[in-house]
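Enquirer: Using the sequences and the hints, build the whole thing.
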Amino acid sequence: MKKRIAEFRASLKSLTEQRNDKATEMQSIVEGAKVETRALSSEEIAKFNALESEISAIDATIKAEERARSLSIVEAKDGQKDNGSEQSITLEAMETRAFANYVRGEISEQRADVNLEKAANGAVIPKTIASKIIETVKELSPIYSLTTKYTMKGELVFPVYDETEQKISCAYAEEFKALSSTSGKFTSVSLTGFLAGALSKVSLSLVNNSDFGLVNFVIQKIAQAISEFLEKELLIGTAGKMTGVLSSTKGSTAAAVAAITADELISLQMVVPQIFQKNAVWIMHKNTFESIRKLKDSEGRYLLNYDITTAFGWTLLGKPVHVSENMPKLAAGAKAIAYGDMGGLYMKLVSDVSIQVLREAYATEHALGVVAWIEADSKIIEPQKIAVLTMKAA
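Numbering (our numbering), first residue to last: 1 to 394.
No wet-lab data here; the hints were simulated from the structure.
Be aware that one or more of the hints could be misleading.
Dumping the calculated DSS-like pairs for lysine-lysine here, alpha-carbon to alpha-carbon at most 27 Å [stated by the list, open to error]:
{"no.": "1", "residue 1": "Lys335", "residue 2": "Lys149"}
{"no.": "2", "residue 1": "Lys153", "residue 2": "Lys127"}
{"no.": "3", "residue 1": "Lys138", "residue 2": "Lys379"}
Each pair of labels, with its calculated beta carbon distance range [unchecked claim]:
{"no.": "4", "residue 1": "Ala173", "residue 2": "Ala258", "range": "49 to 59 Å"}
{"no.": "5", "residue 1": "Tyr302", "residue 2": "Ala258", "range": "29 to 39 Å"}
{"no.": "6", "residue 1": "Asn101", "residue 2": "Thr187", "range": "18 to 28 Å"}
{"no.": "7", "residue 1": "Asn209", "residue 2": "Ala10", "range": "35 to 45 Å"}
{"no.": "8", "residue 1": "Glu228", "residue 2": "Lys13", "range": "41 to 51 Å"}
{"no.": "9", "residue 1": "Glu325", "residue 2": "Gln356", "range": "37 to 47 Å"}
{"no.": "10", "residue 1": "Glu228", "residue 2": "Thr192", "range": "21 to 31 Å"}
{"no.": "11", "residue 1": "Lys13", "residue 2": "Ser56", "range": "17 to 27 Å"}
{"no.": "12", "residue 1": "Tyr150", "residue 2": "Ser203", "range": "31 to 41 Å"}
{"no.": "13", "residue 1": "Lys63", "residue 2": "Asn216", "range": "34 to 44 Å"}
We put the beta carbon where it would ideally sit given N, CA and C, even for glycine.
Expert: Next comes the structure, spelled out in C-alpha cells:
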C-alpha cells in the first residue's frame, strides 16, 4: 500500500516537472519573436504546436492518474489466499485506522491525508472521525439538532431585529402629506468561541483487544460527553459564556409555584407569532412532562396525545414535545417550559475537533483518558421565535 502511494507521488511529480519544462519552452519561443519584433517562423510554429500537444497529453495523463488514485484499492485480506474474498481500502478506513493507532499509542502510516495533525490542544481528528462525532452528538441531543448551526472559525456578527416596541407599518395616506416613519430596532450579536473539553476514560484491556471496536467506542463516549455539555448550555447557558433558550425575554408567567394549567400552555404558545409556528416544539423536564400528561379537558380526555408519526412520539397542542433532564423542574421562579422554533438560537461549533490521549494520568486505574476539545458559542438571534413559561415566584 505504501509503495503504491510513493510510486503515485513520484509519477505525479515527474509529469508535473515535464509539463512545466515544455510550458517554459513555449513561452521562450514567443518571447524570442517579440524581442526581435517579428512573426514566428514556420519551424517555430511547428515546434510550438508540438509542445502544446505534448502538454495536452501530459495533462490527460495526470488527470487519469488522479482518477485512478481516487478509486478504492481492493486487496485480498491478510493471511488469506486470493479466493474472491476482498476488502476495499478507502480513505475513511485509513483514517479510522490512523485514529485507532493514535489512541493505542502506535505509529500510524506516514501519509499526509490520513495522519493526525498537531494542534494547540492536541491532535486534530481526521474529518471522517470528526463528522461521525458531530453526527452522533446530533442524534443524542435534540436541542442541538434544532438550532441554527455554523461550523466556521472566527467571530460571527449577526444583526438582531426587534419589533417589541415599534415595527414597520402600513397606513392610509393623503397626497402631499408626509408619511410617518416607523421601524423596529436593530442591534447586533456576536458569536465568538469558548473552549470546552470532554474527557472519556477507556479501559486498557479494551484498548489492547484487537477485536474490540475501539474507534466506535471512543466516538460514542466523546459524543455523549459533548452532547450532555452542549444540551445544558443550549438550554440553560452559563453567565459570560454560551447563552441558552431560557434566556429568552418573551413568554408568560404561571399563576402557581408548582402547577401548570392548560390555559397557561395555550397562552405560552400564542406568544410566538403564527409565522414561526411551523417548526415550533415544547421542551421541558420529565417531571413537568409527567404533570402535563395528567392534564385533562372538561370531558376527561388527556390533552397530551401520543403520535407515532412524530420523531419523539408525543404532541401537545399540535406540536412535538422534547424532554430534557437539563431543564429546570417545577419550582418557584423556575423557567419550566421553552416553546417555539429553536432555530432562533444560533450556535457556532468549529468542526475541527482536537484530541489528547492521557496515558499516565490513569495508569493506576489501568485505563487511559481521551480528551476532546471543542470551540462553541450560542446566542438567541431571532427572539420572536422562542418563548418561556416562568413559574410564579414564592
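Enquirer: Indicate, hint by hint, whether the structure satisfies it.
Expert: Taking the hints in turn, this is what the structure says about them:
Only pairs whose Cα atoms come within 27 Å are accepted, and Lys335 paired with Lys149 is accepted, the gap being roughly 24 Å. The suggested pairing of Lys153 with Lys127 holds, with an alpha-carbon distance near 15 Å, which does not exceed 27 Å. Annotation: proposed proximity of Lys138 to Lys379 holds, straight-line Cα distance about 18 Å (limit 27 Å). For Ala173 and Ala258, the hinted distance range of 49 to 59 Å is satisfied, since their beta carbons lie about 53 Å from each other.
Take Tyr302 and Ala258: their Cβ atoms lie about 20 Å apart, and the range 29 to 39 Å is violated. At about 49 Å, the beta-carbon gap between Asn101 and Thr187 misses the expected band of 18 to 28 Å. For the hinted restraint 35 to 45 Å between Asn209 and Ala10, the CB-CB distance of approximately 39 Å keeps it satisfied. The beta-carbon spacing between Glu228 and Lys13, approximately 48 Å, falls within the hinted interval of 41 to 51 Å.
About 28 Å separates the C-beta atoms of Glu325 and Gln356, a value inconsistent with the hinted range of 37 to 47 Å. Distance hint check for Glu228 and Thr192: the Cβ-Cβ separation is about 22 Å, which falls inside the suggested range of 21 to 31 Å. Hint check: Lys13 to Ser56, Cβ distance near 19 Å, so the stated range 17 to 27 Å holds. Judged by the Cβ atoms, the range 31 to 41 Å given for Tyr150 and Ser203 holds: they are separated by roughly 37 Å.
Against the hinted window of 34 to 44 Å, the Cβ-Cβ separation of Lys63 and Asn216 comes to about 36 Å, which satisfies the hint.
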